[in-house]
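J.: Chain residues, written in single-letter form:
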Amino acid sequence: MRYIGKEMSRVDGVAKVTGRAKYAVEYKVNNPAYGYIVQSTVAKGRISKIDTSKAEKLPGVLKILTHQNALKVEEEGRQFRALQSDNVLFCGQPVALVVADTFEQARYAANLVEIEYAKEEPSTDFSATPRVQTRGPAPRGKPAEEFANSPVKIEAEYSIPIEHHNPMEPHGATAFWEGEKLTVFDKSQGVYGVRGHLARSFNIPEGNINVRSLFVGGAFGSSLNVNYYPFLAALAAREVKRPVKLSLTRRQMFTGHGYRPYTAQKVSIGADESGKLRSIIHEASTNTSSYEEFAEGTTRFGRTLYECPNYDSPYYLLKTDLPTPTWMRAPGAVSGAFAIESAIDELAYELKIDPVELRLINYAEKDPETGKPFSSKALRECFTAGAKKFGWEKRKFAPRSMRDGDLFVGWGTAVGTWGAFQAPATAKIRVRNDGSLLVGSGTTDIGPGTYTVCTIIAAEALGIEPKKIEFVLGDTELPKAPSQGGSITTASVGSAVYGAAGEVRRKLLGLVDKKEGSPLFGAAFEDTELVDGMLRLKSDTSKSMRIVDALKEGGVEYVEVEYQSRPSAERQNYTTMAHGAQFVEVKVDESLGIIKATRVVEATACGRIINPLTSHSQEMGGVVWGIGMALHEATEIDHRYGKMMTTNLADYHVPVSADVFSVETDFVEEKDEIVNELGIKGMGELCLVGIPAAIANAVYHATGKRVRDLPITPDKLL
Amino acid sequence: MRPFKYQTASTVKDAVSAASNSEGSKFIAGGTNLVDLMKEDVERPAALIDVSRIDLRQVRSEGDSVVIGAMAKNTDTANHPLVRMNFPLLSQAIFAGASAQIRNMATNGGNLMQRTRCVYFYDTSMPCNKREKGSGCAAKEGLNRMHAIFGWSDGCVAVHPSDMCVALAALDAVVSVEGPGGKTRAIPFSEFHRLPGNDPSRDNTLENGDLITSISIPKNKFAGNSYYLKVRDRASYAFALVSVAAALEIAGGKVKDVRIALGGVAHKPWRAKKGRGVSERKSCDK
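Protein chains in written order, with our numbering: chain A, 1 to 718; chain B, 719 to 1004.
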């Protein structure tokens, strides 16, 4: 491999740091107007009166859209659609859109829109909300009975507050119409989803709509489902007959898209004295809205984590008068792992068995749910490598037994796991006779480095230097690819690019293999490769031809292929997952309750690593995310009003640089020929899954206090 | 935000007379808090009088005190040799607050004038006696994990957010103010901010048109034994759950004087007076 597996800086890095990379509301459009959303101040009820007359009189105000004058769309599932009725479903619901010449005018006018509500009592208190069971897998074995019969038992309850993604780039869109043609720049993880949504909203053909999302300043799931505002931007643009830019403020983002739901969990584990697990009952409840059911599969990944013959994982939804939650980095997995991996740690202390050893005693050699083999699983190797790097053998077992001066030192571990998913994806490649090369696919790059890894894969497969390749994405004009979510992109789009490159080689060979005297005359496709800008025989590398010469030879200006890759049938015979072992050191000032996560070592097995540089960045980002989830992040709700209150970056704490110390990430490479041709598994969510539990476990080791309610703020240790 | 008039003042006199003549006006210097509040529609000044150009930026020694100008930036103040040498406690407190960017903009006078960060104060759809007299206090029975422990009233449980002010309270600073007609006053720091009582709308004892011109800190012997400790939810850029400015004067192995002030616990920086009686005259082993 020439390029795959070698460190490469982001191909879009310069564009990003110089500002050449444009985000959704940064595009220069002719004479834009600006939208500002007016949000409901009550959580439940009806709009009894809405008076826009004062606001309309202000200079610069072009149009105010409300439920009384906005286009009504055909009902499309139960997803929230803005300005469709007087019904208020959550606090912060958009109830009007002001469009003005400037953003400031629109925001000022928004203050003058007078709204009266017929208020009803909202219900957002999770503890007081009736729960509804969702459909899930049947219990494995006899979990209740075996739990009752187990000699060693752990039962504990855990909770996680609502959390928000808070990407740097606020959500927003720029929309304009040219006749019946609509163009929308959206901050999106999937341009096709947005296009379909807009086509149904305006009842126009998808072909009339172009959605672009070339650069995304972080999204983490918040732009995976289509949000309500691109429709509003497009509607406003149609009404005022000008391009419209619509951007949410930071505060509006808390209700402008979904969030990680509130999660309550109960874990019951039964084990033998030897540490062998006999039964796990993992029960979870997450909140949803009153109008839509959102379940994130909180108990899903726990089922494949350990060899345990008896398992049950009931999952409930709590209906609340809040907006619908959505996918947020490692949805379900990280919440579930916090409970399961904390409980396993609790069991380790109950049994007086080292937490790493306990996990290895119960190591699942095959999928305990289906009995299928794993396509690859180097978790044991991750434990070995991670423990060695971390120095785990120096750990003293007892809580409160390690000190650094006045500080208590705690070492904790946890497992992270995530599916190695793949979805159908299409890529196109055009090779021109001037040597230039365009590779494209309608995926998005929300930050992990998709531009770069797809360039690397194309370079490898086409035998052309990365700098000669232009990879384009984020445009509905490009061949269809899945939304960027679920850590599927590199496996899916990378496979498409790789497959397309093979088709390019086939076409090139077809141009030159029939001509006598050609060095590649009669060459078998399987015996050819593209290396250093040449098409050549593997069996005799002296028989070669420059790609540009092959095009000239064939008398064509370019060859172009479009190729769709699909998950292989063989995958069905295996369970495909990625794993990691995560080790954390905390230092705790017990007199003040201050916790510092001073050291994190993460050993990850996720197939083949395409770009170690961006992979490391992504792992570090996951660790920092985990630190935030464990120690800082919470969207607090005042249940009397049904309102989220910590809706800004001063009150919603994410880690700052001073909260992050040493973060080391190592990859234990797996050669997995089952998952896909390149052996790629996703890693964007995996890297964070075990971190909150590992931190909570380390805090227990340091202090002897088991905190089961995140975030672990200073007051919880006092 | 709502439209407002804007004017600059080049002297204290101009600024004070402009404020006295313009109803609903506010002074603006660094603007790090006021502009936020205007965007959120919490503050709705009819006019802004920009005082940042007034030459009140010096930090100088004056007799037995160090005088810091009201328009000096927080960062410049914290880094100033006179402050670092005489009052390391103040430097530490300033650096414990906000972020580098905000400290670079924020002025000393503005720091004293910043308003509570209570989430209900910031949310115009919520009851808040500080923002809207008589509307009630949503925080008292609401989200108040970071709110007042001392000196609160039924009408308000908000806390003063400043770190700098906690050190100034411990150091017995004096705030110099010029009001209408050139009338100047020197307000002891402990009397500058007030408790909410039955009028939480007033954070301090300034009268309409009063402009802070400087803050003077009497020189003392605490420099070698002082510390500002701030406990917060993350390591930086968070308001105090509780903070302590503590200073000892030690002579001949004995504690001669003790100063303790607490932040994040009351509507004003809270001087712990009892601490003095308890600790003074105790021998001490350095």
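Hints may be right or wrong, so weigh each one.
[Unchecked claim] Far from chain A, some chain B residues (derived; all Cβ distances over 10 Å):
1. 741
2. 770
3. 778
4. 843
5. 915
6. 953
7. 959
[Said to hold, decoys possible] Listed next, the in silico DSSO-like pairs over lysine-lysine satisfying Cα-Cα at most 27 Å (straight line):
8. B:901 - A:716
9. B:858 - A:49
10. A:394 - A:366
11. B:744 - B:901
12. A:276 - A:72
13. A:54 - B:757
14. B:937 - B:991
15. B:851 - A:54
16. A:480 - A:596
17. A:705 - A:266
18. B:858 - A:57
19. B:744 - A:119
20. A:276 - A:552
21. A:552 - A:468
22. A:181 - A:119
23. A:16 - A:467
24. A:54 - B:858
25. B:939 - A:119
26. B:972 - A:57
27. A:352 - A:319
28. A:54 - B:972
29. A:72 - A:16
30. A:28 - B:723
31. A:63 - B:937
32. A:49 - B:851
33. A:181 - A:63
34. A:22 - B:991
35. A:28 - A:49
[Said to hold, decoys possible] To spell it out: a stretch of chain A is covered by chain B in this simulated footprint if at least three of its residues, at any positions, have a beta carbon under 8 Å from a beta carbon of chain B; those stretches are:
36. 145-155
37. 630-638
38. 697-710
In case anyone wonders, no lab produced these hints; they're calculated from the structure. All residues carry an ideal CB built from backbone N, CA and C; glycine is no exception.
J.: Compare the structure with each hint and give your call.
T.: Hints and how they fare:
Distance to chain A confirms residue 741 of chain B as a non-interface residue, since its nearest Cβ pair spans about 20 Å, more than 10 Å. Distance check for residue 770 of chain B against chain A: the nearest CB is about 22 Å away, which clears 10 Å, and the non-interface claim stands. For residue 778 of chain B, the non-interface assignment is confirmed: its Cβ lies about 33 Å from the closest Cβ of chain A, beyond the 10 Å cut-off. Residue placement check: residue 843 of chain B does not keep its beta carbon more than 10 Å from all beta carbons of chain A (closest about 4 Å).
Every beta carbon of chain A lies more than 10 Å from that of residue 915 of chain B, the smallest distance being close to 25 Å; the non-interface claim holds. For residue 953 of chain B, the shortest C-beta to C-beta distance to chain A comes to about 4 Å, within the 10 Å cut-off, and the non-interface label is violated. With a minimum CB-CB distance of about 6 Å to chain A, residue 959 of chain B fails to clear the 10 Å threshold, and the non-interface call is violated. Using a Cα cut-off of 27 Å, the hinted pair residue 901 of chain B and residue 716 of chain A is violated, with the two alpha carbons roughly 50 Å apart.
Proximity of residue 858 of chain B to residue 49 of chain A is assessed by CA-CA distance (about 31 Å); at most 27 Å being required, the pair is judged violated. Between residue 394 of chain A and residue 366 of chain A the CA atoms are separated by roughly 31 Å; this puts the pair beyond 27 Å, and the hint is violated. Between residue 744 of chain B and residue 901 of chain B, the direct Cα distance comes to roughly 19 Å. Compliance with the 27 Å bound is thereby established for this hinted pair. This hinted pair does not check out: residue 276 of chain A and residue 72 of chain A have alpha carbons roughly 59 Å apart, beyond 27 Å.
A distance of roughly 19 Å separates the Cα atoms of residue 54 of chain A and residue 757 of chain B; the hinted pair therefore holds under the 27 Å criterion. Taking the CA atoms of residue 937 of chain B and residue 991 of chain B, the gap is near 20 Å; set against the 27 Å cutoff, the hint holds. Taken as a hint, the residue 851 of chain B and residue 54 of chain A pair is honoured in the structure, with Cα atoms around 25 Å apart against an allowance of 27 Å. Distance check on the hinted pair: residue 480 of chain A and residue 596 of chain A sit about 45 Å apart at the alpha-carbon level, beyond 27 Å; violated.
For the given pair, residue 705 of chain A sits about 18 Å from residue 266 of chain A by alpha-carbon distance, which is consistent with the 27 Å threshold. With a C-alpha separation of about 39 Å, the suggested pairing of residue 858 of chain B with residue 57 of chain A is violated against the 27 Å cut-off. Between the alpha carbons of residue 744 of chain B and residue 119 of chain A the distance comes to roughly 36 Å, so the proposed pair goes past 27 Å and is violated. For the given pair, residue 276 of chain A sits about 68 Å from residue 552 of chain A by alpha-carbon distance, which is inconsistent with the 27 Å threshold.
Our distance criterion of 27 Å between C-alpha atoms is met by residue 552 of chain A and residue 468 of chain A, whose separation comes to about 19 Å. The hinted pair formed by residue 181 of chain A and residue 119 of chain A fails the criterion: a straight-line CA distance of about 41 Å is larger than 27 Å. Simply put, residue 16 of chain A and residue 467 of chain A have alpha-carbon atoms about 17 Å apart, close enough for the 27 Å limit, and the pair holds. Taken as a hint, the residue 54 of chain A and residue 858 of chain B pair is broken in the structure, with Cα atoms around 35 Å apart against an allowance of 27 Å.
Of the supplied pair hints, the one linking residue 939 of chain B and residue 119 of chain A is violated, its CA atoms being roughly 61 Å apart against a limit of 27 Å. Only pairs whose Cα atoms come within 27 Å are accepted, and residue 972 of chain B paired with residue 57 of chain A is rejected, the gap being roughly 72 Å. Under the criterion of a C-alpha separation no larger than 27 Å, the hint pairing residue 352 of chain A with residue 319 of chain A is inconsistent with the structure, at around 41 Å. Distance hint between residue 54 of chain A and residue 972 of chain B is unfulfilled; the C-alpha atoms sit about 70 Å from each other, more than 27 Å.
At most 27 Å may separate the alpha-carbon atoms for a hinted pair to count; residue 72 of chain A and residue 16 of chain A exceed this at roughly 39 Å. Distance hint between residue 28 of chain A and residue 723 of chain B is unfulfilled; the C-alpha atoms sit about 31 Å from each other, more than 27 Å. With a C-alpha separation of about 62 Å, the suggested pairing of residue 63 of chain A with residue 937 of chain B is violated against the 27 Å cut-off. Annotation: proposed proximity of residue 49 of chain A to residue 851 of chain B holds, straight-line Cα distance about 26 Å (limit 27 Å).
Between residue 181 of chain A and residue 63 of chain A, the direct Cα distance comes to roughly 22 Å. Compliance with the 27 Å bound is thereby established for this hinted pair. A hinted pair counts as satisfied when its Cα atoms are at most 27 Å apart, and residue 22 of chain A with residue 991 of chain B does not qualify at roughly 57 Å. Of the pairs offered as hints, the one joining residue 28 of chain A and residue 49 of chain A is violated, with about 37 Å between alpha carbons and a cut-off of 27 Å exceeded. Proximity of the region 145-155 of chain A to chain B, defined as three or more residues with a beta carbon under 8 Å from a beta carbon of that chain, is not established by the 0 residues found.
A stretch counts as covered by a chain when three or more of its residues have a beta carbon under 8 Å from one of that chain; for the region 630-638 of chain A and chain B the count is 4, and the coverage holds. Counting residues of the region 697-710 of chain A whose beta carbon lies closer than 8 Å to any beta carbon of chain B gives 0, which falls below the threshold of three, so the coverage claim is violated.
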